[in-house]
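**Student:** Respectively, the protein sequence lines represent chains U and E.
What the first sequence shows, in the numbering used here, is residues 1 to 338, in sequence order.
What the second sequence shows, in the numbering used here, is residues 1 to 617, in sequence order.
Calculated from the structure, these hints are not laboratory results.
Some hints could be false.
Below, computed lysine-lysine pairings styled on DSSO-like, alpha-carbon distance capped at 27 Å [said to hold, decoys possible]: (1) E:K441 <-> U:K13; (2) E:K284 <-> U:K196; (3) U:K317 <-> E:K194; (4) E:K208 <-> E:K197; (5) E:K441 <-> U:K47; (6) U:K324 <-> E:K431; (7) U:K324 <-> E:K434; (8) U:K317 <-> E:K282; (9) E:K422 <-> U:K338; (10) E:K233 <-> E:K539; (11) E:K258 <-> U:K324; (12) U:K317 <-> E:K284; (13) U:K38 <-> E:K441; (14) E:K431 <-> E:K558; (15) E:K194 <-> U:K324; (16) E:K282 <-> U:K324; (17) E:K97 <-> E:K119; (18) U:K324 <-> E:K284; (19) E:K422 <-> U:K324; (20) U:K317 <-> E:K422; (21) E:K233 <-> U:K338; (22) E:K197 <-> U:K317; (23) E:K284 <-> E:K197.
Given next are the chains, with one letter for each unit.
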Amino acid sequence: METTTPIPAYTFKDFTSDQEVRWCPGCDDYVILRSMQKALPDMGVRKEDVVFISGIGCSSRFPYYMDTYGMHSIHGRAPGIATGVKLANPNLSVWVMTGDGDSMAIGGNHFIHALRRNVDLNIVMFNNEIYGLTKGQFSPTSLLGQKTKSSPYGNTQPPFSPGELALGANARFFARIAGNNPKVISQILIEAHQFKGTSLIEVLQNCVIFNDGCFDSVTNKDVKEDKQIFLEHGKPMLFGKDKEKGIVLKGLKLEVVTIGENGVTLADILVHDAKEKDPTLHQMLVRLEHPMVTGVIRSYEDFTLEEREDALTAEVKARSPFTKTDDLFFSGETYQVK
Amino acid sequence: MITEKIKIEPEVLEAVVVRFVGDSGDGMQLTGTQFTDTSAMFGNDVATFPNYPSEIRAPQGSLYGVSGFQVHIGSVEVSTPGDNVDLLVAMNPAGLKANLHALKPKQTIIVDTDAFTSKNLEKAAYATNPLHDGSLDNYKVIEVPMTSLTKEAVKDIPGLDNSAITRSKNMFSLGMIYWMYNRSTEHTIDFINKKFKSKPQLIEANTKVLNAGFYYAETLELIPNSYTISPAKMREGTYRIIMGNTATAWGLLAAAEKAGLELFLGSYPITPATDILHELVKHKHFGVKAFQAEDEIAGITSAIGASFAGDLAVTTTSGPGLALKGEAIGLAVMTELPLVIINVQRGGPSTGLPTKTEQSDLMQAMYGRNGESPAIVLAASTPANCFNYAYEAARLALEHMTPVILLTDGYIANGSAPWKIKSVSEMPEIKNRKITDSTEKNAPFNRDPETLARNWAVPGTPGLEHRIGGLEKDSITGNVSHVPENHQTMTYIRAEKVRRVQENIPELKTEFAQSGDLLVVGWGGTYGSLYSAVKHLNKEGYDGIGLAHFNYINPLPKNTAEIFSKFKTIVVCELNGGQFASILRMNFGQFEYTQFNKIQGLPFANDELTQEFKKLI
Numbered sequence: 001m002e003t004t005t006p007i008p009a010y011t012f013k014d015f016t017s018d019q020e021v022r023w024c025p026g027c028d029d030y031v032i033l034r035s036m037q038k039a040l041p042d043m044g045v046r047k048e049d050v051v052f053i054s055g056i057g058c059s060s061r062f063p064y065y066m067d068t069y070g071m072h073s074i075h076g077r078a079p080g081i082a083t084g085v086k087l088a089n090p091n092l093s094v095w096v097m098t099g100d101g102d103s104m105a106i107g108g109n110h111f112i113h114a115l116r117r118n119v120d121l122n123i124v125m126f127n128n129e130i131y132g133l134t135k136g137q138f139s140p141t142s143l144l145g146q147k148t149k150s151s152p153y154g155n156t157q158p159p160f161s162p163g164e165l166a167l168g169a170n171a172r173f174f175a176r177i178a179g180n181n182p183k184v185i186s187q188i189l190i191e192a193h194q195f196k197g198t199s200l201i202e203v204l205q206n207c208v209i210f211n212d213g214c215f216d217s218v219t220n221k222d223v224k225e226d227k228q229i230f231l232e233h234g235k236p237m238l239f240g241k242d243k244e245k246g247i248v249l250k251g252l253k254l255e256v257v258t259i260g261e262n263g264v265t266l267a268d269i270l271v272h273d274a275k276e277k278d279p280t281l282h283q284m285l286v287r288l289e290h291p292m293v294t295g296v297i298r299s300y301e302d303f304t305l306e307e308r309e310d311a312l313t314a315e316v317k318a319r320s321p322f323t324k325t326d327d328l329f330f331s332g333e334t335y336q337v338k
Numbered sequence: 001m002i003t004e005k006i007k008i009e010p011e012v013l014e015a016v017v018v019r020f021v022g023d024s025g026d027g028m029q030l031t032g033t034q035f036t037d038t039s040a041m042f043g044n045d046v047a048t049f050p051n052y053p054s055e056i057r058a059p060q061g062s063l064y065g066v067s068g069f070q071v072h073i074g075s076v077e078v079s080t081p082g083d084n085v086d087l088l089v090a091m092n093p094a095g096l097k098a099n100l101h102a103l104k105p106k107q108t109i110i111v112d113t114d115a116f117t118s119k120n121l122e123k124a125a126y127a128t129n130p131l132h133d134g135s136l137d138n139y140k141v142i143e144v145p146m147t148s149l150t151k152e153a154v155k156d157i158p159g160l161d162n163s164a165i166t167r168s169k170n171m172f173s174l175g176m177i178y179w180m181y182n183r184s185t186e187h188t189i190d191f192i193n194k195k196f197k198s199k200p201q202l203i204e205a206n207t208k209v210l211n212a213g214f215y216y217a218e219t220l221e222l223i224p225n226s227y228t229i230s231p232a233k234m235r236e237g238t239y240r241i242i243m244g245n246t247a248t249a250w251g252l253l254a255a256a257e258k259a260g261l262e263l264f265l266g267s268y269p270i271t272p273a274t275d276i277l278h279e280l281v282k283h284k285h286f287g288v289k290a291f292q293a294e295d296e297i298a299g300i301t302s303a304i305g306a307s308f309a310g311d312l313a314v315t316t317t318s319g320p321g322l323a324l325k326g327e328a329i330g331l332a333v334m335t336e337l338p339l340v341i342i343n344v345q346r347g348g349p350s351t352g353l354p355t356k357t358e359q360s361d362l363m364q365a366m367y368g369r370n371g372e373s374p375a376i377v378l379a380a381s382t383p384a385n386c387f388n389y390a391y392e393a394a395r396l397a398l399e400h401m402t403p404v405i406l407l408t409d410g411y412i413a414n415g416s417a418p419w420k421i422k423s424v425s426e427m428p429e430i431k432n433r434k435i436t437d438s439t440e441k442n443a444p445f446n447r448d449p450e451t452l453a454r455n456w457a458v459p460g461t462p463g464l465e466h467r468i469g470g471l472e473k474d475s476i477t478g479n480v481s482h483v484p485e486n487h488q489t490m491t492y493i494r495a496e497k498v499r500r501v502q503e504n505i506p507e508l509k510t511e512f513a514q515s516g517d518l519l520v521v522g523w524g525g526t527y528g529s530l531y532s533a534v535k536h537l538n539k540e541g542y543d544g545i546g547l548a549h550f551n552y553i554n555p556l557p558k559n560t561a562e563i564f565s566k567f568k569t570i571v572v573c574e575l576n577g578g579q580f581a582s583i584l585r586m587n588f589g590q591f592e593y594t595q596f597n598k599i600q601g602l603p604f605a606n607d608e609l610t611q612e613f614k615k616l617i
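So here's chain E without its partners, still in its complex pose (with noise of 0.2 Å):
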C-alpha cells in the first residue's frame, strides 16, 4: 500500500495520545476504539478515555453535545490516557472550541472544513472562523474538507442513502490518522465486513471511504511528517483490549465458575454501571442469571434471596443506587450471607456528574448503613485489574460469608487497556462453606474459629432448615435474640470478622523508593495517574518518592503502618475531598497526613500531581 511517493522516513516517537472529537452520533468512540485495537495489535501498550454527554443525543453541533475519545499509545509502558493531546481530530467547530485547551502547543488540528459552516459556528460560539482569524497559528492545522471527500469518494456505490454517506466520514479521519502512524487498515477492514456482513453497500462504502483518507494523507503535502511508534515493551502472552466494565463482569464469571456456582445478578440499569448488566446478560450459555430488577432496592434483594439459596449472588450500581441498597446491605451483613456489591462510582451528591469519575462514595461504602454494619471493601484500580478485583470480591465474599463492596469509578470502568489474558486455572482457589452435615442443626452461625466465618447450608439441604432475619440474633442458635449482652457480642464478631480478612488478603507494596522523603498514597482508579506522576518524577531525579497504593480498604493491608513509618511526608491524593485520608487518621493517627484533592469530575493531570509532589519534597 505504500507508494514511492513516501520520501520521508517516519519520525520515531515514544508516545502520542490523540482526540477524536465531534457530535455524539459522528461515531467518535467507534474511530477512537478501531484506532486503540489496531495500535494494540501491532504491539504498543495503550490507555483510552472515552468523555461523552450525559444526554441521549445533544442537539448537532452543540459545545455540550461534544463527544470525545481520548487514547494513549506507546512504545514504552502507558499507565493513563494522557493529558496533553498530540493530534486534535475535530469533526466541527463545537468540537474544536471545547478541547483546544487540552491540545499541546505546536501540536496538530485536523479539522473537517465542511463542518465549519457560518451556522456551526455560531452554535459554537465563534464570532469569527478560528481557521481563518489567525487564532490557531500556535497549531499545525490540517484542513480537510471531510465531508465533500467521503460523498465523492462513495458517489459510484448505488442504493446508499445520505445519513449513510454522512455517518462513514469517520472512516475519512481514521483512513489518514493510520497513514499518519503508520499503521495498516487490515483490522479496520475486517471489522468493517464484519459489522456489515447482510449490507455490501455499506462495507464497500466504508472500506472505500477508509482508504480514501488513507491515500489523501499519503498525496497531502500539508501533512508534514508521518510518525511511528514501536512496539512497547510488555510481557509475553495473549492479550486483549478490554474495558473496566467488562473485565468487572469477566472476573465474576471466572469466579462462579472456579467456585463452582451459579452466577446470579440482580441489578438496575444506572450509569455508569449498567454495561456489567449488559456484559453479563448475553452470558445464558455460562448459566448466568442476570435479572434486570424494578428498582435498585430489588436488585439487591434478589441477589440477597439468590445467595440464601447458593449462588453466588451479585449486585451492580452507581453511587444513588449504593444509597437506595443501603437497607439490604445491612441485612447481609446482619444474615452473615456472602454477596458481592458493586459501585461504579461518579460524581455525586445526589445524580450528581452521572458521566463524570469521582471517588466519593468511600465513605458511603464504609459507613452508609444503620448500626455498626461491616462490609469488605475493595478497589480495582486499573481497567484490566477490574478482573482480579471482581474475582478477589467473590472468593472474599464465599469464604468469610460477607458482604463485600467493589468500588471501581467510571474512568476505570469506561477506560480500555491491554489485558493479559487469564485462564481461569491460573486463578487463586475460591473455598466456599456451604455444608450438608445434619449435625449442625439448628447451629446455623457455627463459625470457623479462624476466620469466624459461619456455614453456608442452603434450602433444599435436609436437616439444616432454620430461619435467618435481620433481627439481632444468639450467636449459635441463630434464633431472635435482645439479650443485651449478645447483641454486644454479635457487634464485635461481626466486626473482628471482617478485620480478620487481613490474614487472607496479600501485603501493601511500595513502587518507587521503599523509604525517604515522600510517600504518594492513591487508592482505586488513580493508579494510572499516580504512578506515572511518580515514574516521572524518578526520571527527573527525584529518587526519595514512593506510591504505596490501596486496593484493599477495609481491612486495610497489617503492613500499612509498616510502610508509612519509612516515609518523612505522606500526601494521600483522591478525587475527592479527603475521605480516604479521614480512614487512615483514624486507623493509623500515630501519622500526619497532608492531602491532595481534586473534585472536578476528572482524573488527575500529571502536571497537577507533579507540581504538588515537587512542593512536598
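Excised from the complex, chain U in its bound form (with noise of 0.2 Å):
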C-alpha cells in the first residue's frame, strides 16, 4: 500500500528496541549497531518497511534490537527468507545481518544464489575470522596455521576471502569496511540502501574474546593510514599519511608506488571506477593486502530479480485470457455429464 504522507523525522531512538543489547563489552557489534540506528533516519525510508533477517551467531541478534520488522531465524539461512520477504513485497527495505560463519559455512550456498539472483537485498557480513557464539572454532575466513579451540595445532583450512568469492559469484555491490569507523560504516549503509540490487557489506569486525587484535594491523589508528586505502568513485586510488602513496597498473598486477618518486605524477595513479560492469579490477583490488583497500570496491547497476520478475509478469498477464481462477478451471478440455 502506498502513502504519500510524509516520511516522518526519525531520529536513531526511533530504531531502537526495548531490548537489552548482550554483546561483549567492548565488541565492534555495538559500532555497526549504532551505525545503523543513526543511518536509518536519512534513508529516507518508513520504519514499518524496514525488515532485518538474520540466522545464527553474534551478529545474528541484531534484529532484537532495532525497533523494526525482524526474524532471527536459522543457521545460514537468512538470505532465503530475505528473498522471500522482498518477492512478496518489493516495497520493503530487506537487510540481513550475518557473520563469516553463518554466511561462509553454513550458508555458503544460499549466499552465493543471492548475489548472482540481484535482489534488492543488503547484506552486513561481520567477519571476525571465527566463530564467536560457539566459543572460538575457526571460520572459513580464519588464517591458515590459526590456532583455535578446534585448531590446536593450527588451521590447515586455507581461508575464504569474501569479497572475491562475492565478486565471483557476481555481486554488483561490495564494500569493505573497518569496524572501528562509526562514521564510514553509516556512510556505506545509507550507498547499499540506495543501491538497486544485492549489496554486500563486509564489516571488519573484531572479537574482543576469541580473536582479539585480528585487523589490528589494517584498523588501529597508528597504523591505518599506511595499511588501508579507503577508496570512492571517481577518485584517485591515494593513501598515506598525506595522500602521498597510490596505485598504479602494472601489466596484470596493481602496485603501490609514490607520488615524486622514480617520475610518478598524480596522473599516473588509477581512479577508481566502482560502476565498471567489468569485475577484473575490482578482483584485484579485493586481493590486494597492503594495502587493505576499503570503502564500496564495486556498485554496477544492474536489474534485479524483482525487476525481472515483474515485467514477465506484466507481459503474461498482458497475453492471458485468465483474469480469475475459474477461467482456468473451466478452459480447455472440459466436458459435461448430465
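Each of the two chains sits in its own frame; use the hints to bring them together as a complex.
**Tutor:** Next comes the structure, spelled out in C-alpha cells:
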C-alpha cells in the first residue's frame, strides 16, 4: 500500500528497541548497531518498511535490537528468508545481518545465489575470522595456521576472501569497511540502501574474546593511514598520511607507488570506477593485501530479480485470457455430464 | 466412419483395463492420455497410472527402460487404475516381457511384430520368440506389423524424416484401440491439429496413421470382437481429467484467490513433486510468485520469508526434500507463521525408489523435527481431491497460524481421474488473521482465545513492528525468554493450538457397514484400492465390513474412537511398515489393531486386499 504522507523525521531512538543489548563489552557489534540506528533516519524509509533478517551467531542477534520488523532465523538461511520477504513485498527495505561463519560456511550456498540473482537486499557481514557464539572455532575466513579451539595445532583449511567469493558470484555491490569507523559504516549503509540490487558490506569486526586484534595491523589508528586505502568512485586511489602514495596498474598487477618518486605523478594513479561492469579490476583490488582496500569497491547497477519478475508477470498478464482461477478451471478440455 | 463391414454387435463391458507399454520415447504416456480423455468425454469414469523408469532415456529395447501407462475405464464407478489388465499393447519384446504377468488369462495382447527382431528379443532376454514358441497360447495375440504399416501409410507425405515416421506409430495402436472400444477418433484429431499447428506434415502423418490403425482394426479378421463400455453414472456437472499434482496446484490457486492473498511457492525440483512447480510457474497471470530456489532449504526458507511478509506461502517437495526442510519447519512452528508444505511421497529411505509410490513419510511429517514441534498433517486420497486438500491445507494454515504438511504420493500425484470442476465460489471461506490495529503493538503472540492462533502483523504495517525468531519466546510479547516455566507453557500452547484444529475439521465418516465385523482403516492415497476391495466384498455378500479412511492425521477427527468401538476387528492398511497403526495405538490404545502392510513401491491390489480381509472375518 503506497501512502503519500511524508516520512516522519526519525532519530536513532526510533530504531532502538526496548531489548537489552547482550554482546561482549568492547565488541565492534555495538559500533555497527549504532551506525545502523544512526543511518536509518537518513535513508528516507518508513520504519514499518524496514526488515532485518538474520541467521545464527553473535551478529544475528541484531534484529532484536532494532525497533523495526525482524526475524532471527536459522543458521545460514537468512538470505533465503530475506529473498522471500522481498519477493512478497518489493516495497520493503530488507537487510540480512550475518557473520563469516553464518554466511561463508553453513549458508555459503544461499549467500552466492542471493548475489547471483541480484534481489534488492542489503547483506551486512560481520567478519571476525572466528566462530564467536560457539566459543572460538576457526571459520572459513580464519587464517592458515591460526590456533583456535578446533585447531589447536594450527588451522589447515585455507580461507575464503569474502570479497573474492562475492565478486565470483557476480555481486554487483561490494564494500569493505573497518568495524571501528562508525561514520564510514553509516555512510556506506546508506549507499547500500540506495543501491538497487544485492549489496554486500563486509565489516572487519574485531572479536574481543576469541580473536582479539585480528585486524589491528590494518585498522589501528596509528597504522591505518598506511595500511588501508579508502576508495571513492571517480577519485584517484591515494592513501598515506599525506595522500602521497597511490596505486597503479603494471601489466596484470596492481602496484603501490609514491608520487614524486621514479617520475610518478598524480596522473599515473588509477582512478576508481566502482560502476564498471567488468569486475576484473575490482577483483584485483579485493585481493590486494598491502594496503587493504576499503570503501565501495564495486557498485554496478543491473536489473534486480524482482524487476525481471515484474516485467515478465506484466507481459504474461497482458497476453493471458485468465483473470480469475475459474477461467483456468473451465478452460481447455472440459466435458459435461448430464 | 463405421462401414458395412462391421457385422458384429459390440460386446458390452462394464469396465476394462488397458495397458500401453513400450520404450520410454515410444509415446506410451501420450497414447494412454488420449485414450483416457476420449473415454472420459464419452462419459466413462476413468483412473490412470503411469509407470516409467527413473532414467531419462534408458537404452532402447531394454527391460528396465520400459514405460507404461495403464487406464481403467468403466461404465461403473472406477476407483483405481485396476490390478489386472484386459488388453496389453506391447510395442516391443521388453514391454511384453515386463508386463505379461499383469494380463488376465485368455485376454488380448496387441504387438508390433516389426519390433520382434532378434536384437530386441535378445535385449529382452527371450531365448526364443514368444510369438512363435507357444508361450502365449493362453492369450489372444494380435500380431500387427505396426512399424511397416505406419511407414506405408505416410509414404506419400513429402519431407517427413524417419524419426517422425517412427514416432507416429503410437497413433496406429491408438487407432486400433479406438475401433475396438467403439470410440471416435475426433478428440485425438483435434489434439493433433493443435499440437502440430505449425507443422502441417506432422498433422497429416499422425492423422493418417491414426486412421490407418482404425481401419486396419476394422478390416482385420483377427480382431474377434469389438467392445463398448457405456457411459458411467456420474454426478451432473462440468468435468475435466486432472492429475493429482495439477489438482494440488489448482487447489492452492483457488485458496489464494479466496483468501485475497498472493500465492508464493518456494521449491526445488524433486520427483514426483516437481509437476506442482511446473504447473504454478505457468500462472504468472494470477500473480503467482513461483521461485525455484538453489536447494530444498532455500525453497522453504523463502516461503517462510514470504509468509512473514503476508503471502500465502507454500513449499513443495518429496521425502528427501522434506528431510532437508525439517529445521525450517521447526522455525515456522516456533514463529507460528502460516505455511503449506506439500510432500509427494515416494519410496524411501534416502533416494529409495524415486518414481515409485509409498506412504512411509508419515512419521517424518509428524515428528521429523527437533524438539516438540507439532504441525497439522493432512493427506489427500485421490487425484481429484488433491484439489480439496491443498485448499484445506491453506485454509487451516491461515486460520490457525501454523505450518500444515499435506501428504500426497506418487500414485495419486501422477494418476489422473475425472474432476467435477469446482468454482472458487463453491469453496469454503478462508479467514486470515492479518491485523493493522496498532494497539496490538508489542503483542505479536496475542492469541484468539478459542483457537489459540496468534495474530499476523506483516512488515509494512505501521505501529506493529516486532521481532520473531527460532529462540523460545515470551507467551505474549514474543521477546526471547529462557524462563523455564515459560518454555513449558509455550510447548503446551503450540500443541494445544494444533489439537484445537479438531473443532475446524469434519468428523470421520464410515463407508459401507457402520458397525460389524471388520473396519478397514487407511489414509491418503490408498483410498481407491481400499474402497474397491470393500465394495467388492460387499457385492460378494460380506456386509459387515466398513471402511474408515483418514484425510486428517494430526489432529485426528474427534469421533475416531467412537467409530472404532463399533467394529470387532480393525485392520490398518498402509504402504509402509505400520506408521499410521502406531499413531493409532498411541492415541487410542484401548483398541487392538491388525496391520496389513505392503512396501514394494506399488499400490495395493484388489486380490491381496480381499484375501486378507476374508481371513480377518
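**Student:** For each hint, tell me whether it holds in the structure or not.
**Tutor:** Hints versus structure:
no.: 1; hint: E:K441 <-> U:K13; in the structure: holds, 17 Å
no.: 2; hint: E:K284 <-> U:K196; in the structure: holds, 23 Å
no.: 3; hint: U:K317 <-> E:K194; in the structure: holds, 23 Å
no.: 4; hint: E:K208 <-> E:K197; in the structure: holds, 16 Å
no.: 5; hint: E:K441 <-> U:K47; in the structure: holds, 14 Å
no.: 6; hint: U:K324 <-> E:K431; in the structure: holds, 19 Å
no.: 7; hint: U:K324 <-> E:K434; in the structure: holds, 23 Å
no.: 8; hint: U:K317 <-> E:K282; in the structure: holds, 11 Å
no.: 9; hint: E:K422 <-> U:K338; in the structure: holds, 16 Å
no.: 10; hint: E:K233 <-> E:K539; in the structure: holds, 18 Å
no.: 11; hint: E:K258 <-> U:K324; in the structure: holds, 10 Å
no.: 12; hint: U:K317 <-> E:K284; in the structure: holds, 7 Å
no.: 13; hint: U:K38 <-> E:K441; in the structure: holds, 23 Å
no.: 14; hint: E:K431 <-> E:K558; in the structure: holds, 23 Å
no.: 15; hint: E:K194 <-> U:K324; in the structure: holds, 24 Å
no.: 16; hint: E:K282 <-> U:K324; in the structure: holds, 14 Å
no.: 17; hint: E:K97 <-> E:K119; in the structure: holds, 15 Å
no.: 18; hint: U:K324 <-> E:K284; in the structure: holds, 12 Å
no.: 19; hint: E:K422 <-> U:K324; in the structure: holds, 13 Å
no.: 20; hint: U:K317 <-> E:K422; in the structure: holds, 23 Å
no.: 21; hint: E:K233 <-> U:K338; in the structure: holds, 9 Å
no.: 22; hint: E:K197 <-> U:K317; in the structure: holds, 24 Å
no.: 23; hint: E:K284 <-> E:K197; in the structure: holds, 25 Å
The structure fails none of the hints (numbered hints given earlier).
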